[in-house]
Each structure stands twice: as C-alpha cells, then as structure tokens.
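Novice: For reference, the chains in residue letters:
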Amino acid sequence: MVTTAPVAPANRPRTLMVGTMFATSAALMFFGGLFSIYLSVRSDTLAWGAEWFPEGAISLLPGGMNMATMALSAVTMAWAVYSILNNDRVHAYLAILVTGILGVAVINQTVFYFMDIAIPVDYNEAAVLFYVIIGAHLVMVGLGVFWLGLLLLRTLGGQDTAQHRDLVSSAALYWYATVAVYSFIWLFIYIGK
Amino acid sequence: MSENTTVIERAVTTTDPALLSRYWIGAAGLGLFLSIGVGFLAALERLDLSTASIFDGADVIFQLWSAHRVGLVLLAVLPLILGLATAVVPRQVGASSLAFPRMAAAGFWVWLFGAAITVTGFAVDGGVGAPGATSQTQAVAITLVGIMMVLLGIGATTICVLTTVVAGRSSGMSLGDVPAFSWSMLVAGTMWMLTLPVLMGNLLLVYVDLRGRSAVRFGAEEAIWEQLSWAFTNPQVYLWALPLLGIVADIIPVSVKAKLNTNRMFGAICLLGFVGFGAYAQTYFDLGTPVRQEAFSVAAAFVAVLAMLMALGALAGSLRNGAKETDASSATPLVLAMLSLLLLLVGTVVGALNAVESLDLAGTSAIGAQMIFTLAAMLVGMVAGLSWWGDLVAGRATPQRPLLITGLLLTLGLGLVGVADLINGFNGLNDFTGAVLSEAGNSGSAVDTLNLIVVIGLGMALVGALNGMISGCQHLRSSEPAVANPWGGTTLEWSDNEGSA
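Residue numbers (this note's numbering), protein chains in the order written: chain A, 1 to 193; chain B, 1001 to 1501.
Just so you know, these hints were derived from the structure itself, not from any lab. Note that the Cβ used here is the ideal one computed from N, Cα and C, for glycine as well. Any given hint could turn out to be false.
Which residues of chain A face chain B? A few of them, derived with a C-beta cut under 10 Å, are [stated by the list, open to error]:
no.	residue
1	A27
2	I117
3	V121
Simulated restraints on C-beta separations [said to hold, decoys possible]:
no.	chain 1	residue 1	chain 2	residue 2	range
4	B	S1214	A	A57	46 to 54 Å
5	B	V1007	A	R89	40 to 48 Å
6	B	A1446	A	S43	53 to 61 Å
One-sided excerpt, in silico: chain B residues whose CB lies under 10 Å from chain A [as the list claims (entries may be wrong)]:
no.	residue
7	L1205
8	V1216
9	Y1280
10	V1335
11	M1338
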C-alpha cells in the first residue's frame, strides 16, 4: 500500500535557520580543527624548548580592541533581532547598520595589524597558523558584513518583519558564531600566545 | 525561464533536483572510471617491485597512488551518494523540492570545476605532494585549490540535503518516521559537515604554507599526504560508506515483504556514524603515542564491527520473516545490497585487525585493503540504489541486467584487490610500495603473485565502471517509461512517481 501523506508546504518557516545552523556548525568545525592543530603544535614546540612567537611580537592591544568590537557587535545584533521581533523598523535599520560598521571596523583593525606586524608568514609554524586562522576569520567577518548589507536592503524594503524574520535570525546565528570564534582567537593567540 | 534560452543555458541554470542528480551521477561515473584507472596504472608498477619499470620514479607512482584514493572518495563515492540523495531524499520525506535549490545547483558546479582543477593538478605533476618532493609546487597548489573547491561543492549540496530532511519533511512525519536512506543521509551528512571542514582547514594550512615560498612544515611536500590521509583511512572511511546502510535498509525489507526493526537499524547507523568520526586521527595530534594507537581509536575500530553486526541483525530479522515472499523481479537490487553489506562487514573486520598492535599491520597494504573493502561496499550499494531508484532518477524504466553486471564486476574486482592487499599486509608489504625494492617492505614471490591479482581485480573494476557508464547513457536515451512503483514500496517516493524526465 502506498502512503499518501500530504506534501509539505513549499517553504517551511525555519528552513533558512536550519540551513544556517548546519553551515555555521561547519564553520565552527573548520576553526575547531585549526585551533586543535594550533594548540597541539604549540604544545609540542614548547615541550621541545623552541620558540613559538618571538618575544613581544604579538601585542594584546589590537586583539583586545577587536574582541571588544566583536562583543559590542553581538549586542547590536541582538538589538536588531529584538527590533525586528517588535516590528520596530527604525531601530532595526540602526542596529543592522551599526553591526555592519563594527564588522568593517574589525576588518580594518585586523588588516592594519597584518600590515604592521613584523612577522613574515614563513617565519615559523606559529606565524603560518596565525595568518591562516585570523585570515580565515577575516573572511568569515567579511561574509557576515555582506549578509548584513543584504539584510539592511531587505529591511529597508520592508521584507523583514516579526512574521518574516528568518533572514535576521539566521544572520544573527552566524554573527554570534563569528564572535565566538574570535573569542577563541583572543584567548588562544593574543592572550595565550 | 524564457523559451528563448538555449539548451546549454537551461542545462547550466537548472535547479531541478532530478536533473542535478543525473549530473552528479554522470560526472561521478567518470570520476570513478578515472580513479580506478589511475589505481590500475599504479598497480601495474607494483608487478615488478625491483625497479620503477613503467613510470619515472617513486614520485610519479605516488601521485597515481594518491590520486586513486582522493579520486575514489571525492570524485566518485561522495558525488554518487549526493546524486542519489538529491533525487530521492526530497521525495522520501515528502518535500516539494530540495531545500535551497540554487545552492544545490551551485554546489554541483563548484564541485565540477573543482574536480576538473584537481584532475588537472594531478595531471601536470602536482597532486598532494610526493615523497621525494620533486613535483611542481605550483601544480600541487592548484591541486589543493581544486580539492578545496570539491569540498565546498560537496558541503553546499550536503547542507541542502540535510535541511530537506530536517525542515522539509511532510507535516506529521517525525524524524523517526523518515525512511532509512534519508535517515542515513541525515546521520552521514551531519558527520560530513563536522569532518569535511576540518579537512578544509588542513588543506588551507598546507596551501598557505606551500604557496610562493619554502614551506615551514605544513606544506612540506613529503608531509602533505601524511597529514591529509586521515580522511581516506580508518575510521573516517566509514562515514563515506554510511548511506549504504540506509540504501540496503530500504531495499531488503520491501524486496522480501517483511518489516524492518527500524530502531535497531537506525541505532546501528548512528553508532557507525559516531565511531566513523575521524578528524581526530591526524598526525598533528600525535603527541607521544600515535593517536591511532590510543584506546579510543582501537575501541572505535571494534565498535564499528559491532555496529555492522547490529545492522545485519536488523536485516536478518526481515530476511527470516519474509524470505518466502521474495519477489524475483527485485533480485538485482537485493543481490547487490547483500553483497555490499558483506563487503562493508569485511571492511570493518579488517579495520579492527588493523587496530591490533601485535599484528603489526600499521603502514602496510592492509590499510589500503580496508579502504578498498569499505569504498567497494558503498559503490556496490550505490549500484543497488540506482537499480532500486533508477526510475525516479532518470524518469525511465531502469534496465536491471547491466546494473547487475556492473555491481558484480565491482564486487569481484575490488574484492580481489582487498583480499590480495590484506594478505600482502600480513606479508609486510607497505601501503605505498614506492619504486625502490628496499621501500616495498617485502618483495617475495607470494607478494608478486598477489600484486598480479590486484591488477586483475582493478582491471575488472575498471570494466565494471565502464559498463556502468555505458549502460547509464543507454538508460537515459531509452524511451521506455518509468514504472510508477516497480517494487511495491510503501515510502513516499513511490507515491507520485509519474516519471520525471
């Protein structure tokens, strides 16, 4: 006997959220793998008594500034979600715009630090990992800013409301993951060195 | 779409899951043929271990050997699975279409270009490094970019399939009601999404270290394969074969008209998925004891055998209860499903043997034997799946005989390779034999004979892959209409099969 259950609606409300959840998990595993390699190679190198980063090469200031900026952007992202939930479009514009600007600020600070830091990428294993992890995070932030720009345009067009908030919720999930990844960068690379 | 669009425009811009499924399967068929072909060439060199008699030294042989493994997984097995899943999963769960159809289409094209770049990279003396580090660095970098694109494409399509199962299910269908193949795709896809990004991270690290300067460590050519090999060996290789359990769990109960113990089967799929997580088994994590000799790794190898026995127990119940009701028309998928299960069981047993330190099989050809048994299981399972769901995929009646021949040739050919490599492993033959006698581990007459069997086996598999491609083309050109429900299936994919050509 053939089952004749009804066909699902064309687009379930949480489809984008579920897809973003899988994509964000993949991004977290990408960084998880890199952090694991970083910690394991660092532990091995230090156990042999070799140098990891040269003394004074990694400054806490740019890392700390970026961490503060990212943390602030998590708050503004939550503000955007809250505003959309309350159909408060003016605050939603403002929150998305500020979050995007904070993202651009992180990119700016990181690029400046890359130009300023005196460690070439082929200096040692630590340098390669430093540039790969922070560079990959830079790309993640860039994608987030692009997404926020798209979101802003949609919100300006009135397409995101309390009833249709999946894009905002998904963008927020992705952005929180971006902030979470940076907190590990700050902890393992800038503080732990 | 406008009626003025050309055939090429329509082909390139399509988001139709049935058509994308055919693209995946067609391209993967070519990938399979190429992968087995390069494996055959590498095996030819093994016939005479005393010297590099055919190719120019160990580095070229290594490139062929590694291309065989990378190709089998990333250019053949995974795309074949995704091809079948793209067509079958939305129908099984009652979704109107695949979730994010544009992303699914983009995933295929990114994979295809990535695959082309990967093949080009291997062809121009690149690949994933070489023991003598004499390959072209630029070509190695190109290969790495190609593999990263392949992973991106696979990842994007996997997300579409997963989202379809989770968020696109028919209303009233809980996750426990999802048919076995969709369930296996949910578990396998989730595990792929947790491990493929780690491989991507490895590749990026290698690429950045390799590109444009002398490598510090990660991009050193002689070390690249060592770092990436976890994705092509035990236990990760089980994740590539996991959907096989879903395929056979859909085929066998319907063929014998008996119920399946779904709880036990779904449990077995989850267990094998859990122990198949292999991202931890990297050489970077070897601090003191190699990670493959750690207790968890050894225990996981044995739990994989238990998971297989659990799955076999669930299926044996169906076979016992319904053997008398077996319909002869479903002989092809049924036989191939049973053969694929047998291959996977052997694969898990060989994996467990490899984990026993006292057998001293680490680094021997028994490692390759386990990979071959497991991937062969998935390939034969895929042929069974195409025989079962071929009407849905192609929208035309599926000729069973060519698929049976393809499946039998793959089983026999790759089975011979696996058995010969396993015995050679016990003889001490190295997994990569190189071109120098002293590096082969063992070059006795018994090994030479078994190496000949490997060549014969790969030759048979090559003929099987070619037969599959030819019969696939003939199938698509056939005008015989699809049968609405050829097997009397009760899952949703059979409820509206009007032929999707």
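Novice: So which of the earlier hints does this model not fit?
Specialist: Violated hints: 2, 4, 6, 10 and 11; rest satisfied.
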